[in-house]
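Undergrad: Chains as they are written, first to last, in the numbering used here: chain A, 1 to 248; chain B, 1 to 248; chain C, 1 to 248; chain D, 1 to 248; chain E, 1 to 248; chain F, 1 to 248.
Keep in mind the hints are simulated off the structure, nothing from the lab.
Model, not experiment: these values are computed from the prediction.
Beta carbons: idealized from backbone N, C-alpha and C, even for Gly.
Among the hints, erroneous ones may be present.
Not close to chain B: a few residues of chain D, all C-beta gaps over 10 Å, as computed [stated by the list, open to error]: (1) Thr11; (2) Glu31; (3) Arg144; (4) Phe214.
The calculated label-pair distances, taken between Cβ atoms and stated as ranges, are [unchecked claim]: (5) B/Pro215 <-> C/Gly67: 31 to 39 Å; (6) E/Asp150 <-> D/Pro215: 16 to 24 Å; (7) F/Ala217 <-> E/Asp150: 19 to 27 Å; (8) B/Ser28 <-> A/Tyr218: 50 to 58 Å; (9) C/Asn167 <-> A/Gln149: 21 to 29 Å; (10) D/Ala152 <-> A/Tyr218: 49 to 57 Å; (11) B/Ala189 <-> D/Ala152: 37 to 45 Å; (12) C/Glu128 <-> B/Ala166: 26 to 34 Å.
Number of protein chains: 6
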Amino acid sequence: MRILIVNGNTTQAITDLAVGEARRAATSGTEVVGVTARFGAAFVSNAAQEAVAAHAVLDALARLYRGADAAVLAISLDSGLAAARGLLPIPVVGMTEAALFTACMLGDRFGMIVLGRDSPPLYGELLERYGVESRLAECRSIERSLLGQDDALAERIAQEARTLAANCDIGAVVVCGVVFTGMASRVQAQVPVPLLDGIACGVRQAESLVRAKFPLAYRSAAGPAPGMTGVSPELAALSAVPPSPKDK
Amino acid sequence: MRILIVNGNTTQAITDLAVGEARRAATSGTEVVGVTARFGAAFVSNAAQEAVAAHAVLDALARLYRGADAAVLAISLDSGLAAARGLLPIPVVGMTEAALFTACMLGDRFGMIVLGRDSPPLYGELLERYGVESRLAECRSIERSLLGQDDALAERIAQEARTLAANCDIGAVVVCGVVFTGMASRVQAQVPVPLLDGIACGVRQAESLVRAKFPLAYRSAAGPAPGMTGVSPELAALSAVPPSPKDK
Amino acid sequence: MRILIVNGNTTQAITDLAVGEARRAATSGTEVVGVTARFGAAFVSNAAQEAVAAHAVLDALARLYRGADAAVLAISLDSGLAAARGLLPIPVVGMTEAALFTACMLGDRFGMIVLGRDSPPLYGELLERYGVESRLAECRSIERSLLGQDDALAERIAQEARTLAANCDIGAVVVCGVVFTGMASRVQAQVPVPLLDGIACGVRQAESLVRAKFPLAYRSAAGPAPGMTGVSPELAALSAVPPSPKDK
Amino acid sequence: MRILIVNGNTTQAITDLAVGEARRAATSGTEVVGVTARFGAAFVSNAAQEAVAAHAVLDALARLYRGADAAVLAISLDSGLAAARGLLPIPVVGMTEAALFTACMLGDRFGMIVLGRDSPPLYGELLERYGVESRLAECRSIERSLLGQDDALAERIAQEARTLAANCDIGAVVVCGVVFTGMASRVQAQVPVPLLDGIACGVRQAESLVRAKFPLAYRSAAGPAPGMTGVSPELAALSAVPPSPKDK
Amino acid sequence: MRILIVNGNTTQAITDLAVGEARRAATSGTEVVGVTARFGAAFVSNAAQEAVAAHAVLDALARLYRGADAAVLAISLDSGLAAARGLLPIPVVGMTEAALFTACMLGDRFGMIVLGRDSPPLYGELLERYGVESRLAECRSIERSLLGQDDALAERIAQEARTLAANCDIGAVVVCGVVFTGMASRVQAQVPVPLLDGIACGVRQAESLVRAKFPLAYRSAAGPAPGMTGVSPELAALSAVPPSPKDK
Amino acid sequence: MRILIVNGNTTQAITDLAVGEARRAATSGTEVVGVTARFGAAFVSNAAQEAVAAHAVLDALARLYRGADAAVLAISLDSGLAAARGLLPIPVVGMTEAALFTACMLGDRFGMIVLGRDSPPLYGELLERYGVESRLAECRSIERSLLGQDDALAERIAQEARTLAANCDIGAVVVCGVVFTGMASRVQAQVPVPLLDGIACGVRQAESLVRAKFPLAYRSAAGPAPGMTGVSPELAALSAVPPSPKDK
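Chain A extracted, bound-state conformation:
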């Protein structure tokens, strides 16, 4: 099986980080390949950059999904996820989505750790869209200034996770964000409840969906509707699918 990791940021190092974690989480026999956004922000950090990232994710998927059995989005807000599902004949999983649903299967409530004091509301909207906001016990944030200092960052994440485990009756902590990739397994031994990594959870969910052999080819049945101009030819072609089989 072949899984495509799609980084919605333009930084190759983030792709490499995500691909590395994906390989650790995958079962033997699963091949992991990565792709980096061709345009947009080095590291998405505001709403305009996120809107462009959704386009860049679709652009990357359209060019490279052939040959892959599933895709995992390596961008914290799962940008472009719903749109990608409407286009592609293979399973597409969001890293945060996968971690959240996994957390729900480990207990009634979960905690979250995110990057940046202003991020909890953004993730609040995401949780609401997925339907799991009532299951969040508490969301704590890590200051952005720690990025790049891996030891200090790991220490802070462990500390916040222990605080969550001590204060709330939770079954897991979602360590949320592509820049935290790998941190969950790094500090797990210091925390009494499961820590969830979005990329690792995403790969495991993608593997499950591939094994189920669900029929998804109908999603990309080409239709007579005109595609887009000014975007990559692959995306233009894919997006010419009629909006729905029900209203021709």
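Please arrange chains B, C, D, E and F on chain A, whose structure you already have, making use of the hints.
TA: Structure of chains B, C, D, E and F alone, referenced to chain A:
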């Protein structure tokens, strides 16, 4: 005062239609100019096309907002609206947002008319985001095949609006969608409750916001954060704003 | 255009304050007149007084709406608003409603400043009714003892607004309550985000609704149903409208 | 024990009907007295009339609560209920509130029967305020034209109740509205699930609250705040209570 | 009238405590009898014990409901309540349910006091199921270590109740949990708002439901469906009722 | 890896059916074993039987979880799921929970097919608890009389699934209920969207959770709290775990 109408579709005729209605709705002294998306779909009709449209809207705004006092988005799902507000030092109003809030000021409940049998759930998400879903009495849809036949379309819209007025205790009907621009005023005389046009409502709200002289310059205060690559230079420059003043 | 400001309190000075702010906010050519409740509390401050104020607002509107093109309610909880809309053939706007919807068009989330430690739950119910409670970031309160000391009050409002702007990712602050009328513009220069005044927002929304020329005459089509006794003859006559056109 | 039935309509016959049912439902030893609104509509049937009824209910309570151990509101929308509770040192129960909570103790879901095709949304707001809207299985309406024809009305109510019992998994049906008073017991034998009458439920709840001897005197502790003018002297005096003990 | 108090814990002393309070709350002429769970935990304190308690409550009810006019569950989470209602031809009331609905009839908002720092989320789910979570102002907890020290416990409950009354605009405090039975009346004199005891409220609600003579026999109409094995013969017989009259 | 399938019904044939499907869905190297409830209903079909089933599920898990790496509940309402998670040091997955979260990863909305006209509300509560009720497009039911007639049942399920796919914009259909086990794969070829089987989804999720090696031993750390009496000794021992590490 100068208002910029931003069409998220690539079809110039839609821009012309929207600019025409905007000019009818504007007070004397307001100048209206239009811009058409440089890339994306001729007429956005699925989620992938909508994701690209959000990028195209930001691209158009970044290039042309200078000299304008406010912008109105001429795309039914208000694509890119929240992101645009984080970037620009002028008011930005969504056409559907403006119609919905106007409807709320005309009665406890309102009706909606949308294009396409599969569209109500899409607008449901929009209403939920704006917070007004509990005020929707009923959403009815018009078949896509009527597009291009203006007389038949007008007749169908009038008929659905009368049905809504007869069945529900509503204060207004939002005639939703940029392709329906102008239809509300065209058939108003045949319907006993107010019909709302997104572009007209958007222009009136934009005028109100401009007159209030709210201080919005802080939104685009340039910061040290890196911008985007592979996008228009104007958008790259604008989006380099730090994500928030609170977490440097 | 002529706009009627309806003060649901019996204090003439509050009417004068509201009319003054309304005149500042109105465009040239708009005439503003005020009316004070004939009965009820000098300054509404509990639920029983608010119930009576709703009656007093309807009483004032019924007597004086003729000749006006729209009405704005100058009472913080928008008392009687929905009932007034069912009676009158002109637009009626609540001061808090107008400020809240305006705030929604300036950003995803807004803050609020209200009078009295026990007031936030009251406004919570109002926000829920309008549907915008999910968009409130935080509501802060000003102690009642500052009423009458305008300089100290202005200083406190500016301070709370700056706290809101610093702590939350908000697009505006609603300075809520008819006794705070004028404070928003007075302290705007000291606060980095827009401050919204209910009366000013209400006048601007009323002007927009009037300009749209929506057909509202159907609301007061006299019917055979009996009116009320023991109330003003004007209100008795107006309220004889049948409850709905749909269930005769 | 003495229970005061407060009719928010100005029709004495409705008071008589409610007092009669209240006496049937009360335990021996409970005295029931009635009072009719001094002003307002003969039978409240739109929002303006309901706003005035809330005032009339407070007016009646202020004049007559002395000597009563509890009050039950005999008006379908429980008009003035929350305000009355803030004023009076005795329990006040709404007829619809009492029926709804009683229904919740008879099963997970309940049905409702109301007067008028346009009424379900009105009751929807009431249910939302009480918090029990998720427990409503279905609300069915009876046409207004049957009022006055008691046999036909009884037959229709029985028929709708049987439909509700057959279609939904409900534990009770609330026969909602003061004009339906007495109908529940009249047709109970024809329906397989409990039918609830608001007045009967209200009296039983009022009796329970009186027997519990809850300390409520604090609600009407007179304060220095100014009362109202232009209303009955009793209401003016009562409403001079400070808005809350917490914010002097 | 005869009311059966069903203790879902296996501790006889808790049954005795509940029966004692029930007798104090009942009107003269009401006989109160108690039954203790035959299996399960001495004092239910986690989810697995609660699941077993639901079975034990049904087991006790099935064996002893004959001859009783109503039952009140003496277990804090009302374990087995909905299931019991589907089986028995008499009213069944949960102690916490009864206290919550009573609290709702004393004011817009109420406070709660529960045992154990980790309990508020458990009760949160219960409130959500009943529909009254929006009416909870605040839930405070008492440390488990005080159990058994009645004077200290009473002092702590009084203190928390006064804090709730001082901080929130509440109409009542629910003193929640079967081990707190009797505490509400013990410390009422020290607290300015009503304190509600679940057993006392449950008995009062049960008496009301019995007096209403609602037809409930249909609930236990025996059907052809097979019952259970490995449970008490009485429960096996009762549970053979068809799942619903609507889908044979 | 070894997965334990826990049938909450007492019918061995249902266990066999579930184990068979589980083996089909498992990857090679996964051993599947089944256990049947020792007491309760042959096929759970009302709330009382479901309450007993939760106990029976815990009883079976306590006796047999040792040696298993994960457990999947083979009972449609996931009875006892949350309680089991609080007791056991291995992952426990509900069959319906697993199918619902899998459906969420295949599209924005999903459909459901359940057994019995009265079942949709029961599943509604389950969806609300999991948080995914807003993602349900429509729930359709199959009449109970078809049970036992496999060909007719398969035909009806295919027909309802095609109706769901044609009417709603869904990404998957959850074929819900342990008696439908195996039907999804049997009729998949006749339906254009993925059909989800709870047992198959549950096994795949259980495998994912086992592979992640989450630390769960803390859940069953024995504590000094007393266990239960009158239940199996294994369940008594396990449930003696203190209610939470946070409130000793």
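Undergrad: Now tell me if each hint is right for this structure.
TA: Each hint tested on the structure:
no. : hint                              : result
1   : Thr11                             : holds (25 Å)
2   : Glu31                             : holds (41 Å)
3   : Arg144                            : holds (14 Å)
4   : Phe214                            : holds (34 Å)
5   : B/Pro215 <-> C/Gly67: 31 to 39 Å  : holds (36 Å)
6   : E/Asp150 <-> D/Pro215: 16 to 24 Å : holds (22 Å)
7   : F/Ala217 <-> E/Asp150: 19 to 27 Å : violated (38 Å)
8   : B/Ser28 <-> A/Tyr218: 50 to 58 Å  : holds (54 Å)
9   : C/Asn167 <-> A/Gln149: 21 to 29 Å : holds (26 Å)
10  : D/Ala152 <-> A/Tyr218: 49 to 57 Å : holds (54 Å)
11  : B/Ala189 <-> D/Ala152: 37 to 45 Å : holds (41 Å)
12  : C/Glu128 <-> B/Ala166: 26 to 34 Å : holds (29 Å)
Violation of the numbered hints given earlier is confined to hint 7; every other hint is satisfied by the structure.
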